[in-house]
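Engineer: The task is simple: from the sequences and hints, build the whole structure.
Residue 1 is where the sequence shown starts when you use this note's numbering, and the numbers rise one by one after that.
Honestly, the hints are just simulated from the structure, not real lab data.
All values reported here derive from a predicted model rather than from experimental measurement.
You may find that some hints are simply not true.
No more than 30 Å apart at the CA atoms, straight line, and that leaves these computed lysine-lysine pairs for DSSO-like [claimed, not checked]:
1. LYS46 with LYS26
2. LYS53 with LYS32
3. LYS32 with LYS46
4. LYS26 with LYS85
5. LYS32 with LYS76
6. LYS76 with LYS53
7. LYS85 with LYS32
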Amino acid sequence: MRLTDLLQLINDLNINTAFYLKIDDKIVPWGKLTLVDGRCLLYPGKNTMTKAKLIRLVGHMHNRGIPLLIAVDQEKHHIFGLQIKEESNQIILM
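Structural biologist: Written out as structure tokens, the structure reads:
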């Protein structure tokens, strides 16, 4: 999945929607985002990333076609999909 794809998919969702990462069948908060070598790395953390914070971080970027990867323990995993839980304002990237 690319950053552009994620931004298009969440366009109509609530600004307070929280993001989570599914790693080895565990759901953990997405806490940090970094841009490295033309990739967007997502890291688990204590504080959950929200749509508002994501838009604030990448809203003015010109090249949003970069791939999204989950970074855990020096390994990087591609994101192939997401689950939207509208009733609880959550998105789980997997």
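Engineer: If a hint holds in the structure, say so; if it does not, say that too.
Structural biologist: Consistency of the hints with the structure:
{"no.": "1", "hint": "LYS46 with LYS26", "result": "holds, 14 Å"}
{"no.": "2", "hint": "LYS53 with LYS32", "result": "holds, 10 Å"}
{"no.": "3", "hint": "LYS32 with LYS46", "result": "holds, 9 Å"}
{"no.": "4", "hint": "LYS26 with LYS85", "result": "holds, 16 Å"}
{"no.": "5", "hint": "LYS32 with LYS76", "result": "holds, 14 Å"}
{"no.": "6", "hint": "LYS76 with LYS53", "result": "holds, 22 Å"}
{"no.": "7", "hint": "LYS85 with LYS32", "result": "holds, 21 Å"}
Figure legend: structure checked against the earlier numbered hints; every hint is met.
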